[in-house]
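*Asks:* Sequence:
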Amino acid sequence: MTDDTRSRAATALGTVSGVLLGLVLIFSAWAKALDPEGFALLIVERGLLPSALAFWGGIAVIAFEAALGACLVLNLRRPAVLVPAALLMLFFLALSAWSYVYPSQEASSCGCFGNLIASSPGQALARDAVLMGLALLAFAARPRRAAGRLRPALAALAGLVFGAFALAAPSLPLDNLATRLKPGITAASLRIDEIVPELQDGTRLVLLLDRADEQTRGEIARVNEKLALARPDAVFALARPDDALANEFQWTAGPAFEVRDAPQSMLKPLYRRLPRAFLVENGVIVKVWEGIPGDDLLVALAEGRTP
296 MTDDTRSRAA TALGTVSGVL LGLVLIFSAW AKALDPEGFA LLIVERGLLP
346 SALAFWGGIA VIAFEAALGA CLVLNLRRPA VLVPAALLML FFLALSAWSY
396 VYPSQEASSC GCFGNLIASS PGQALARDAV LMGLALLAFA ARPRRAAGRL
446 RPALAALAGL VFGAFALAAP SLPLDNLATR LKPGITAASL RIDEIVPELQ
496 DGTRLVLLLD RADEQTRGEI ARVNEKLALA RPDAVFALAR PDDALANEFQ
546 WTAGPAFEVR DAPQSMLKPL YRRLPRAFLV ENGVIVKVWE GIPGDDLLVA
596 LAEGRTP
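Residue numbers (our numbering): 296 to 602.
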């Protein structure tokens with residue numbers, strides 16, 4: 296193999312590795328931007344930032360990842376890009392290694408892709424090891440020519456756009472895109488049937504609740520009146536485990552239906568904000584609502600009709 300062939304191979308290896316890593320970073324920024332509040336919660340749970348700073352810290356991470364990813368996709372493989380990319384991958388790898396050695400029962404994801412993609416500690420560690428390898432390979436045969444101004448400007452623009460989108464996302468109707476809960480998927484794929492096996496048969500309404508929310512407590516009487524008192528088996532609710540709050544909720548809200556505990560690792564990927572509700576027919580999610588559904592649907596279920 297001639298020196299020229301080796302040089303072309305090294306250039307191709309470095310370019311392809313950088314582009315692949317850049318695409319992953321852009322997707323990672325996109326997944327986090329869909330639910331920046333959920334990402335902020337992950338940051339707090341990891342102990343990386345206090346809650347007062349977590350949201351804005353998350354926005355900064357999203358913008359940085361998007362800009363860094365755009366630099367790599369545009370082949371701006373300069374030390375000012377490659378070194379931060381390698382350090383970022385090393386940080387993610389360290390987090391994954393820590394989670395692998397000391398797994399948390401409540402972690403809903405590794406955090407690299409927000410709450411959108413679930414990964415076991417082993418899967419996250421293997422994935423981040425591959426990404427770390429791509430970050431190192433991207434150093435191969437770096438371009439020697441000046442980058443000009445257009446590509447750095449485009450990368451900076453990508454960071455600004457992703458940051459602005461993340462700020463706007465909580466007020467946009469993106470829940471079916473930002474969560475794993477959407478029509479057409481099965482309760483088994485979300486592991487909800489492990490908590491409510493009754494979902495595999497018949498038509499049931501499932502409510503995702505925050506027991507501490509006063510507005511939600513006020514809605515329970517309506518659910519009781521329109522549906523639960525007539526057919527308590529047609530509606531179930533899921534909430535994060537908290538014995539003291541569960542007792543208080545039972546006494547103050549008085550649900551005439553079962554509210555079952557579900558781990559946060561199962562619940563958080565299903566919502567951006569609570570309450571949220573969905574209808575299940577023979578194990579398949581057919582409709583999803585932001586908030587608790589209206590009286591027409593509750594009455595239809597009480598009468599045994601499919602809404």
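One or more of the hints may lead you astray.
[Stated by the list, open to error] With a straight-line Cα cutoff of 25 Å, these simulated SDA-like cross-link-like pairs (lysine to any residue) come out:
| id | residue 1 | residue 2 |
| --- | --- | --- |
| 1 | Lys477 | Leu462 |
| 2 | Lys582 | Val594 |
| 3 | Lys521 | Gly599 |
| 4 | Lys582 | Ala539 |
| 5 | Lys521 | Val581 |
| 6 | Lys521 | Asn577 |
| 7 | Lys582 | Glu489 |
| 8 | Lys582 | Arg444 |
| 9 | Lys477 | Glu489 |
| 10 | Lys521 | Val456 |
| 11 | Lys582 | Phe552 |
| 12 | Lys582 | Ala448 |
| 13 | Lys521 | Ser484 |
| 14 | Lys477 | Val579 |
| 15 | Lys477 | Leu455 |
| 16 | Lys477 | Pro536 |
| 17 | Lys477 | Leu449 |
| 18 | Lys582 | Ala557 |
| 19 | Lys477 | Leu388 |
| 20 | Lys521 | Pro570 |
| 21 | Lys521 | Phe552 |
| 22 | Lys477 | Gln559 |
| 23 | Lys477 | Leu429 |
| 24 | Lys582 | Asn519 |
| 25 | Lys477 | Asn542 |
| 26 | Lys521 | Leu467 |
| 27 | Lys521 | Gln510 |
| 28 | Lys582 | Glu520 |
| 29 | Lys582 | Ala525 |
| 30 | Lys521 | Asn542 |
| 31 | Lys477 | Thr498 |
| 32 | Lys477 | Leu452 |
In case anyone wonders, no lab produced these hints; they're calculated from the structure.
*Asks:* For Lys477 and Glu489, compute the direct alpha-carbon distance and say whether it is at most 25 Å.
*Replies:* Status holds; Cα separation ~18 Å.
*Asks:* Between the alpha carbons of Lys477 and Leu455, is the straight-line distance 25 Å or under?
*Replies:* violated, 29 Å
*Asks:* Is the Cα-Cα distance between Lys582 and Glu520 25 Å or less?
*Replies:* Distance of about 22 Å is within 25 Å: holds.
*Asks:* Under the criterion that the straight-line Cα-Cα distance not exceed 25 Å, is the pair Lys582, Ala525 satisfied?
*Replies:* holds, 22 Å
*Asks:* Keeping to a limit of 25 Å between CA atoms, is the pair of Lys521 and Leu467 held or broken?
*Replies:* Outside the cut-off at roughly 30 Å; violated.
*Asks:* Do the alpha carbons of Lys521 and Asn542 lie within 25 Å of each other, as the hint requires?
*Replies:* With Cα atoms ~23 Å apart, Lys521 and Asn542 stay inside 25 Å; holds.
*Asks:* Take a quick look at whether Lys521 and Val581 sit within 25 Å of each other, Cα to Cα.
*Replies:* holds, 21 Å
*Asks:* Holds or violated: Lys582 and Ala448, Cα atoms, limit 25 Å.
*Replies:* violated, 43 Å
*Asks:* Holds or violated: Lys521 with Phe552, Cα cutoff 25 Å?
*Replies:* Status holds; Cα separation ~12 Å.
*Asks:* Straight-line Cα separation of Lys477 and Leu449 no greater than 25 Å?
*Replies:* Given that 25 Å is the threshold and the Cα spacing comes to 34 Å, the pair is violated.
*Asks:* Please work out if Lys521 and Pro570 have their alpha carbons no farther apart than 25 Å.
*Replies:* Status holds; Cα separation ~18 Å.
*Asks:* Verify the proposed pairing of Lys582 with Phe552, using a straight-line Cα cut of 25 Å.
*Replies:* holds, 20 Å
Of the numbered hints listed earlier, those contradicted by the structure are 4, 8, 10, 12, 13, 15, 17, 19, 23, 25, 26 and 32.
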